[in-house]
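Number of protein chains: 2
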Amino acid sequence: MKIEVIGSATQVNEECVKGKTAVVIDVLRATSVMVTALANGAKQVIPVVSPKEAFAMKEKLGSDVILGGERDALPISGFDYGNSPLQYTSDVVAGKNIVMTTTNGTLAINNAADADQLIIASFINAEAVVKFIKGNEDVALICSGTDGQFTLEDALCAGYLIEQLQMQNEDVNLTDMAVAMHQLYKSNQKKIVTIASQGKHYQNLLRKGFVKDLEYCFRTGLFANVPLRVGGVLKNTTC
Amino acid sequence: MKIEVIGSATQVNEECVKGKTAVVIDVLRATSVMVTALANGAKQVIPVVSPKEAFAMKEKLGSDVILGGERDALPISGFDYGNSPLQYTSDVVAGKNIVMTTTNGTLAINNAADADQLIIASFINAEAVVKFIKGNEDVALICSGTDGQFTLEDALCAGYLIEQLQMQNEDVNLTDMAVAMHQLYKSNQKKIVTIASQGKHYQNLLRKGFVKDLEYCFRTGLFANVPLRVGGVLKNTTC
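Residue numbers (this note's numbering), protein chains in the order written: chain F, 79 to 317; chain S, 79 to 317.
Hints in this document: simulated from the structure, not taken from any laboratory.
Fair warning: there could be bad hints in the mix.
The list treats identical chains as one, so a pair stands whether inside a single copy or across any two.
[Stated by the list, open to error] Here are the computed lysine to any residue pairs in the SDA-like style, where the Cα-Cα straight-line distance is at most 20 Å:
id: 1; residue 1: K290; residue 2: Q122
id: 2; residue 1: K80; residue 2: V250
id: 3; residue 1: K264; residue 2: N314
id: 4; residue 1: K130; residue 2: D194
id: 5; residue 1: K264; residue 2: S275
id: 6; residue 1: K264; residue 2: Q276
id: 7; residue 1: K209; residue 2: P129
id: 8; residue 1: K80; residue 2: Q281
id: 9; residue 1: K80; residue 2: Q227
id: 10; residue 1: K278; residue 2: E205
id: 11; residue 1: K130; residue 2: D150
id: 12; residue 1: K268; residue 2: D150
id: 13; residue 1: K80; residue 2: G226
id: 14; residue 1: K278; residue 2: E215
id: 15; residue 1: K96; residue 2: D225
id: 16; residue 1: K278; residue 2: V250
All chains should be built: construct the whole structure from the sequences, respecting the hints.
Below is the structure:
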C-alpha cells in the first residue's frame, strides 16, 4: 500500500487524490462530529462548503434536517448545532439528515472530490478506518488542518493510522511526509495530547471553553463506523 | 522569535515570507553547494530559475563565470558543473561568479523574493545560521523539498536549527509544523541519516551514485559562513 499524507485542506487537488482512497481527517472537530453523528443513528451527513449552501440544502430537503458546523470554532447564526461532537447524541440525530459546513473538514472533502473513494477518519473511529483501508493500493491521508495550515492533531491521527497498519503487517510504502508523521506519532505515542496541546487550534478551542470536546476527540476505539462518501453525501459503513 | 516551517518550495508565497527572515534549506544538494562554494572563495552565487536564464547571465557577466546546477539530479548540458558540493573546491571557485539553477532550491529562493532578508542553510553551516538568526522576530524556515513535495532531509535540518536555538535559550514560538519538525529531529537525533535515507530524494541520489555527496551533506559544523541575498545574488556573511 502506498500512503501519502497531505498537510492541509488547501493543498488537496485532483492530482493528489485521483485513483486513490482519500481519508479525510479533521480531529478538532469536523470529522469527530461526522463519525459521532452517524454512529448515533443519523441517516446521512451532507457536507457543504458555505452556510448559504447549507440553508439552501435544508430548504430542498424539507423535514428531518439538522444544520451543524462552525465558523472560527463557534456556532453559525441560524444553525441548530455547532461543531461539538458531544451535541450529536442519539436523541438529537437519529434518522436525521445532518447538513454540515466547517472551515476545514468540509473544504478538504470538497477538494478531494476526484478521489476514487472517500472516507472520514478521526481518533474515535481510527481502528475501523484501518480495517477499511487495509489492502487498498493507494491511500491519501488528508490532514485538514486549520485555515490552510498544518495542525498537530490531524498529523498525529495520520501517524496513528500508519502505525496501526504497520502493526497489522500491512506492507506500507510511505512518502517522506508519511514517514515524518509516522515518526511524530511513534515517538510521542505516550503523550499524544501533550504534543497536540502545543497546537494553535487546540489552544484556540481551549480558550473558547471546549475542554470536554478536547478530551473526547483524542479517545480511540469509541466507534466501529466509517463514514463513506456515496453520491456526494456521507453514509455509514461498519467495519 | 516566531518560527514557521514551510514544507516545500511550491508552497512559498509573498504572505509566507513578508516581514520575515527566510531561511532556505535544500540539504540535497543546492544549499549545500551554495554554502560550500562561498566558503571556498566564490565571489557570489547567482541563483536563476532556468538553464536559459543561466546562459543569458553568463553572456552578460562575461568572464569568471561558472555555470552549475541540475535537472533530475544530473548535470545540465553545456554547464560547467553539476549539483555536487564536492566539485566546488577552492581551486575551482575562488573569485568566480557561480550561476546556479536547480529544481528546488533556486525555485524556493525565487518564490521567497518578498522576504525581508533571505539566507541559505544546510547541515554544513547550521551553527552559523543559528548565530545569524538569533534574536530575529519572525523566521520562516523553508524546506525546499523535491518536485513540490516535502522531503525528510530538509525537515530534519529545520528541526536541527530549532533544537539549536532552544539549546541556546532563544525563546521560540513555534507553529504546528515547526513543532512537528522539531519533534522529528529531536526524537531521531542519533539516527538522522537512517531517517533521511527513507526519503525518496535520498534514494534517488543513492541510485545515481552520489554516495559521497550523501555523506558530506549531513555533516555539521563544517563552515561558519551564511550566504545572504544582497540585490538578487548570494554573498558571504561570516558568523
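Out of the numbered hints, which ones does the structure contradict? 1, 3, 4, 7, 10, 12
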